[in-house]
Amino acid sequence: MSLRLRLLLAVTLVILAHAGARIMLLAEDARTSARLAQQAQGAWAGKSLAGILANPLVTNDLATVQSTVGLLFSEKYFLKLAVLDDRDKTIIDLRPDIGKIKTQAPAWFIAYLNLTQVPSTHVINIGGVQYGKIVTIVSPDAILESVWLEAQHDAWVALVEITVLSLLLWVLLEAGLRPLQQLSTTVQRIGAGDFSARMARTANREFSGLVTVVNAMAAKISALLDQTRAQAASEVQARRLQAFHAITDSYEEIDNKIQAVLMMAGDSLGMPYAVVGAVSKDTYTSVYVHRNATRTLQDTPPLLQLADREAMQHHDGVYGIHDAVEWTPPADRAETGIRSYIGAPIYIQAGIYGKLHFSSPAPRAAPFHLGDLEFVKLIAQWIGLELQQRRNDLALWEEKERALVTLASIGDAVITTDVDGNITYLNVVAESMTGWELRDAQSRPLTQVFHIVHEGTRAPAENPIEQCLRENRTVELAANTLLIRRDGSEFAIEDSAAPIKDRQGKIIGAVLVFHDVTQARVMLRQLEHYASHDQLTELPNRRLFESTLKLVLDSAHFGKKVHALCYLDLDQFKIVNDTCGHMGGDELLRQVTGLFKRRLRGTDVLARLGGDEFGLILTHITEDQARATAEEIRAMVREFRFNWQGKIFEIGVSIGLVMIDADAGETMDVLRRADTACYAAKNNGRNCVHMYKATDEEHTRLSAEMNWVPRLRQALREDRFALWYQPITAVTPSDGLGDYGEVLLRYVETNGDIILPGAFIPAAERYGLMPEIDRWVIQRTLGHAVQESRAEKVFHCAINLSGASLSDPGMLRFIQDALTRTGVAPDTLCFEITETAVVNHLANAVALITALRKLGCRFALDDFGTGLSSFSYLKHLPVDLIKIDGSFVSKLVDDPLDAAMVQAINHIGHVMGKKTVAEFVENDAILARLQAMGVDFAQGYGIGRPRPL
Amino acid sequence: MNPFSVPRLVLTVFLGLAVILPWDRGQAAEPLSFGVLNQQPAAETAALWNPILQYLGTKTGFAFKLKMGVNVEETDAMTARGEFDFLYSNHNFEPGYDQAKYRPLVQWGGHPLIGQIVVLADSPIKNLKDIEGKTLAFPSKDAFIAYRVPHHALKQAGITVLPVFGASQQGAAVQLQTGRADAASLNKMFADRFQAEGKGQFRILYESEAWPNIPIQAHPRIAKASAEAVRKALLNMGNDADGRALLAKLKIPGFLPVTDADYGKTRRLYKEPL
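Protein sequence lines, in the order shown, are assigned to chains A and B.
Sequence positions in the first sequence follow my numbering and run 1 to 949.
Sequence positions in the second sequence follow my numbering and run 1001 to 1274.
Some clues are possibly wrong.
Here are the simulated DSS-like cross-link-like pairs (lysine-lysine), alpha carbons at most 30 Å apart as the crow flies [what the hints assert, rightly or not]:
1. A:K682 with A:K597
2. B:K1265 with B:K1101
3. B:K1249 with A:K47
4. B:K1065 with A:K133
5. B:K1251 with B:K1188
6. B:K1059 with A:K133
7. B:K1065 with B:K1141
8. B:K1265 with B:K1199
9. B:K1271 with B:K1224
10. B:K1251 with A:K47
11. A:K647 with A:K682
12. A:K561 with A:K597
13. A:K133 with B:K1251
14. A:K854 with A:K875
15. A:K574 with A:K693
16. A:K47 with B:K1065
17. B:K1271 with A:K133
18. B:K1101 with B:K1065
19. B:K1065 with A:K89
Estimated spans, in silico, between C-beta atoms of each pair [what the hints assert, rightly or not]:
20. B:T1259 with A:N60: 31 to 37 Å
21. A:T32 with B:H1111: 55 to 61 Å
22. B:G1179 with A:G128: 24 to 30 Å
Facing chain B, a subset of chain A residues (Cβ under 10 Å, in silico) [unchecked claim]:
23. G51
24. N60
25. G127
26. G128
27. V129
No lab work stands behind these hints: they were computed from the structure.
Just so it is clear, CB atoms sit at the ideal spot from N, CA and C, and this is done for glycine as well.
If we strip away everything but chain B, and leave its shape as in the complex, we get (with noise of 0.2 Å):
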């Protein structure tokens, strides 16, 4: 057998182009994969992130598909296994679930993530010290700002409590206000909004500093280039007439630049023993 037969030359060609050039799956007719966080149900989920993945395809002639687990555990599992091709979340900064080395492109914009300790604000309770051995109730112990980093706080504090988790910020608020806990720990954004809606007037004990938001990040199967073409069109939504246009219908603040760098204390707080 001639070893340089033309069709074997052909094969011989394709097969050493195929493993020296970088495989990239944006080139594929497989949609990329999009893996979001699950923070809300995931209808609600696919409402939002659809339209904003509709977009970036518009401007990266990439096709995206948004993809979840039924429940943050599997999602994290997914996370952890690289399923995604780019992801929202910051799940994958704690250990276990790691492996994948997803690259941060970007972060959620709006403010940076704070992290508080409230009381009601006629209740007895004045000053941090004074909820050791109380009842502090979190939203679940998923929650990084809400959970992670003032738990972290009060172990460093040397105070223990006994905690209750509500499910969600508004559970862990309506724990406070029923009496059920002496009191809570929320998302700054979200204790400010509950009480600009007059649902509820509280007294801040503890107030995290600002933590940086979820990122979007890009597996690092993702040719660069392509990663960069996402970061792009993320960054320059508040730029674009199309772009401003989803931000202000979803009522979103938009995308802001992020560093790997920037996650570092995140990492290190995940590395941290609860």
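Just chain A, with the same shape it has in the complex (with noise of 0.2 Å):
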């Protein structure tokens, strides 16, 4: 008997006995508590029943007692149920047929239990009376069920613990005994010859020794074997080498070599056939090399080819040996098959190149060894530094024929030098500009052939090479150089220096390439003055005022220098440029610049800043000299008569004065005082000087014109301006024109405010907003006409236009596109332009006026009579109405001089051919005064008040 089955044997019979000492310990348990649940259920049965009887009982209702206890007995659960009255006297008394136990137990099993039977007697008492007993004896079957039941549970247990134990034993022994199979086939191993045969490690103290020992022994014959045949081989290596080298240092052309490298290794290793292939990505060519000849890719066994391609795919090392390769050649075909075979890839630059590989149409008589491999590989890899070298010695030269090439066609100037600096090389173009031919130069010092100096000092510029010999970087020469030629002409020029490296980085040269810039240069400072100054004066423009500006208030905040800025305005340009055409124009302005720089200091810098608005600072003066100069200076223009083409002209100048100190603010506030000045020196009649002096009252109403602008954009976003409509009536009968309506603008608050446009227009014109405003009403009023259109209503309006407007060279298209979109007929609309815009924007107001009026337009002159010109404008403005100002209708009943004034305006309209509109009429007695003067329309209060459109 194995050791194994004898301790399984043993396992067995302790489990089996501590079994049976369960069941038997089991079996005691189960007689004691047979006995107390006998008791307890007997109990529980008398005290259930006792319940249950106690009505019949108490109303002798001994038949109901009878039939009850009859229902209730039950042979399952009682061996004995009776009822006593209370004399004892037996009323039922049921008893089940002995021995009729129904239970799964087995005989032997209640047998061996021998379960006592117990009796039970329930007295039943009812307030103190006594009205019988309830004698029981519960049935131990269902005690006896559990009992046979926990047995049965016992034995699987001792069932699943035996078979898990002897489970356990059997891993266990399995594991201890391993190492001995091991033991027994290792040495059978070695014994067959197989020297690599090794036995596994073990957790195993007791076998972990033998094993190492076994191990050490296998370790040392294989050693002594390897050792043996290692010898043979380098033996048989070293003689290859030594052939190898023979043929590598007497061959000189490199396929004659290869082929004699190839032919000796085929002897070698005694194989015919030697195969240098070369896989590209489609094709595969091939050498094909014959112990005596050497033959092309066709007589390759095609078969071959298709195997060393998937091969050259699969495999990116060393090839497999193969013993053999398969093929059966054509019957046309001479060649024998592959039978043994031997190869290597080629690498060139870490890239696959192709394969070499050695064949034989017969088997080996003994398998190729490390040996013969590293020795195929060994050619594979001189093979493939061979052809590396051939291709670089081939690309080298075209690379360089191709740089002597395109340096000599380039049309930089080019020049190399060695690490010292000295010439190596100039090309066509260097030799040009340097005025040196390269044999001259060659070799010489860069700084005698390369002369460069700085535009503007003349001093000698650091040589660009040495600078990037000595920085080991790309460096561009300085700007404003200028290259002197060997024959003293001069170049600007512009370019860089490269140091040259080797390939390990190291510095072994530089270039430094340059061309002509001359003309570009000459081109540049050009564009850079017209940049900074007007052509026509030759005076700084606004830009370039304005940088200096900002130079002259930081030396005012810093230095607390004092400075002071005029805003000078011609007066009488327009009317120049107009009656003169712009070269007049032109002419008058370069003839006042010439008189005011008759007036400046050196340090003072006079700027034209658009049409005919000059800017002028003063440097280091006082308020006084400032105000004196600026005197002078009106005084001079008002002296001086500008004479074209015979006509005498007088000019005026109104000069803005604003002193510049510490607290000036920024640039735009400066300029926007003085601008505001030269405003007010107009304002004042002209021709005339007006310091700026920021008054509570101006500071108020810039600041609240500033705030506007936000809201204004807000406003234009938001779509928070209403549109208001205040009739105006045909007071005489006329031709042609009906009644129709001014359309007014109103902003919107956010809270609903209504607020009227005198308080928003002057900063939207001031910050450039009125062409925004104007082509929303625009817009606006054109959508409300096509409303009225679809109630098959005309509306006949009248639209402000502002004088932004009139020179906005969009506005024109705008419109008309508008009119196109919404097809409102042009007759329909009136625009009403004021004298001051027009006369600030004539030439493009006339454009505008007549374009408009052919599409059918009408346009009025507004707040006629107030403004600056005379009635000579009127002749050249083609407007279709005059709106005579209000200040003078409004008193028109009681000022007999504002009434002659309306009196003539309304004359010349009329002889003009244009209609006349009085505004502000505010009651009957101006109406008919109106009526009787024969003005053709009246607006105001007394015709109808405006009202939301």
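Could you fit the two chains together into a complex? Lean on the hints.
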């Protein structure tokens, strides 16, 4: 009997003994618990029955007692159930058939347990009176059943325990005995000549020593054998290498050299065929070397090609050694099949170039050994290097040719130097620009040939080659560098120098590339000048003036200096311009500039800010001096007479003067103040000097205007303007023109308040928002006209156009497009423009008015009579209506002078073929006077108040 | 044969005495039977009355045994046949069960009997006339104060109802609460306790006059002295430590004096046809 079985048997016996003892104890427990359970269940049954039988016993209803007990009696639960009356006389006594016990437990088990019968008696007592007794013997069947089930369960547990323990024992024995089996196998393998056989390490302490000894012995034998084999192989290898080096040393031409090596190797390996195959993306070419001949690829068996190509794709390392390649040649081919084969990949620059293999139609007598493969790999590697060398030589030659041709043909000058800065090469352009030929310049220091100076200072510029060699980086030539040619002529040049490095990154020289930028530099200078100067007067322009002003402001702020700024505006320039044309205007500006210059000191700065506006910075000056200077200039201009083609013009200048001190603020603040002062000078009757004084009122106004800007922008975004409408009625029967109305603009506050335009139009005009607002008004008005037309009404109206809109180049197109899009008839529209707006933008205004009148629109000149210009302007203005300023009309009845003005304007308007409109017609008396005068239209509260459109 | 021989004389005297002397069962060895009306299950009746009977035995020297039929009809029949020496019932006032001529000794203590007709507190029915043609729940036809009395009152008022029976006071109340009846006829004592326990709230449409409670009566064959002894013992329960302890334990009010005349109106009502 084996050790394994003996151990297993012993464990099984122990478990069985344990299970038997457990069942005996269980039986004893079962007897006790059966007795207790019978007592408890009997008591419970008696108590329950007493409750049920109480009523019939009280009423002495014995039939009910008997029938109830009969119903409740169950053989399953009771061995006896009896009821006695209060005198212990039996009312009923029930017992099952003895021995009729129904349980799953087998008879031997019941006999073994030998459970006893325990009677239980319950007395029925109600209100202190005994009515009878209930005697029960509870059946032990249920207990027997549960003990049987428990015994079965225990038996199962014992069975599982035996199984688990047996398995565990089996596993332990297996683990313990395995090393012995391994030892047997290993010794058998070594005996059969497999010296690589080793025993696996084991955690088993008893066996681990044995494993170590056996493995050491096997290793020793294996090493001795390897040593013997290696010696033999290395001798062969040494002979092969000797032959290989002899060939490579004796041949010059690469192809011959390869062929000789291949033949030597084929001999050494005992393989008659050698193939060097190159793999490109799609093709496979090969040199096929036979012992006695070199043939081309066509003779290579096609199947072999396919096999090789797949091998190329699948093996990135050394090819596998095939003992045989199955291949049957076609009938018309003389070659025999390949029976043995050895090969290796050929790499060029880490990429695969192709492969080298040797093959033989005969199978080998002995298998290839590692030395054979190493030898093939060595040859493959050598071929790769040889091929690489040949490629490199070719590429280098091509590269040099390409570089030389390129250098000779490019437009830039190129000079190269060695690491010491001596010239090694000049291209043709460099020869031409330096005046040195290559042969003269070669080996000379660069500074002798390439002589450069700073354009401005004429100081010698740093040698860029030296710098780039020193700093080991590409350097740009300093700006404004001039190259002095050998003959002394000069070129403005630009470009860079870069170090030349060898493969290891070591500097071996430098290259200097440059080109002639003389023309470009001249043009750049001109452009710079034009960008900062006014071409007409050669004065600094606004941009340069503003940057100069900033410097002056800084000087005032940080240096506590005091300066002054004058804003000069020619008073009659527009008249000259309109009368004499642009050439006349330009000439006037040039002459006035000359005049101004006469009074200026060297440190003062005069600039033309645009149109007829000039800026003048008087540096380091007191207020009185500044005022005096401004006054001198004004007087000088006043005395000046401009003569153009025989016409003499008197010129005036309005000068706004503002002092610049430490608190002057920003550039734009100062300019705005000067502008404001100039505006005031104009308002004061022109041709005068106005010193800017920041009054509280003015401050408030300006800041209020500033505040309006964001509000207006937001209102435009949010559509928060409203259109109102004031009727204009025909006073005198007129031809063609009927009643119409003026469209008025209102700003709607976010809280819904309505703001009149007087509050925000000045700000909108000052900050350039008017064109946008005018567009909004036009768009909305036309939209309203479209709505009216749907109700078959014609909406005649007048829309105000600001001065800025008149000179807005996009305004004409906008109005044309809007009319086209909406389909509103142009003759229902009248545009109102102010005299001031027209005068300031006369040329543009006339163009716009003319174009829109062609379409059918009408134009009215608003606020006529209050403006600055004379009636003569009216002649040039193609308007249809004149709106007589309300200030004359409102006092018409009481003031004869106003009445005369209205009369005159009306008369002149009619003479010129224009209709007249009176504003501010506040009552019937005024209306009656206007009718008498023959004024065509009336507008005012007396006619109709403005109302929302 | 000598008619005056000693044995004959003794027999004659004995028989003569037996005829002349009133036969008093109280002196006999058999316990006196005490019948109780089936108002609750027999076991509960026994649990209540057995301690009282034991107390009575102690106080009077007689032995009593509780006796009752398996149902009310059987008990009533036994009553009519005069099978009980003492009786706790009022059914013997009903014509047909009154042959035995029991004599009232005491009545059940506590409140007098009062019957009520009630509806749920939120019922749209506001007065008795509104229940005309409606469903009225009674405990049972045997209930005196909750059926016989209100039934008579309704009849007197000319109100007809659709009667349903809930088997007990509780059952009648549940009929009302579950909507199977529009009104319920209940014993006032029960109705008060039901509401006090938070089981529901009623509105009273009708309340009867007070009626004497159920009496304990003696059969005419019981000697007056014996009956009197029983009466006194019952009435004295409240004055005796044992008696008080028993009343408290059983949670019953004790007994009150009553006369036969007190049940004159009860008898009259029973004579009224339903």
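So, going through the hints one by one against the coordinates:
no., hint, in the structure
1, A:K682 with A:K597, "holds, 23 Å"
2, B:K1265 with B:K1101, "holds, 16 Å"
3, B:K1249 with A:K47, "holds, 23 Å"
4, B:K1065 with A:K133, "holds, 18 Å"
5, B:K1251 with B:K1188, "holds, 18 Å"
6, B:K1059 with A:K133, "holds, 29 Å"
7, B:K1065 with B:K1141, "holds, 29 Å"
8, B:K1265 with B:K1199, "violated, 34 Å"
9, B:K1271 with B:K1224, "holds, 28 Å"
10, B:K1251 with A:K47, "holds, 25 Å"
11, A:K647 with A:K682, "holds, 25 Å"
12, A:K561 with A:K597, "holds, 23 Å"
13, A:K133 with B:K1251, "holds, 29 Å"
14, A:K854 with A:K875, "holds, 18 Å"
15, A:K574 with A:K693, "holds, 28 Å"
16, A:K47 with B:K1065, "holds, 24 Å"
17, B:K1271 with A:K133, "violated, 45 Å"
18, B:K1101 with B:K1065, "holds, 21 Å"
19, B:K1065 with A:K89, "holds, 18 Å"
20, B:T1259 with A:N60: 31 to 37 Å, "holds, 33 Å"
21, A:T32 with B:H1111: 55 to 61 Å, "holds, 59 Å"
22, B:G1179 with A:G128: 24 to 30 Å, "violated, 44 Å"
23, G51, "holds, 8 Å"
24, N60, "holds, 8 Å"
25, G127, "holds, 3 Å"
26, G128, "holds, 5 Å"
27, V129, "holds, 5 Å"
Taken one by one, the earlier hints fail for this structure at numbers 8, 17 and 22, listed in ascending order.
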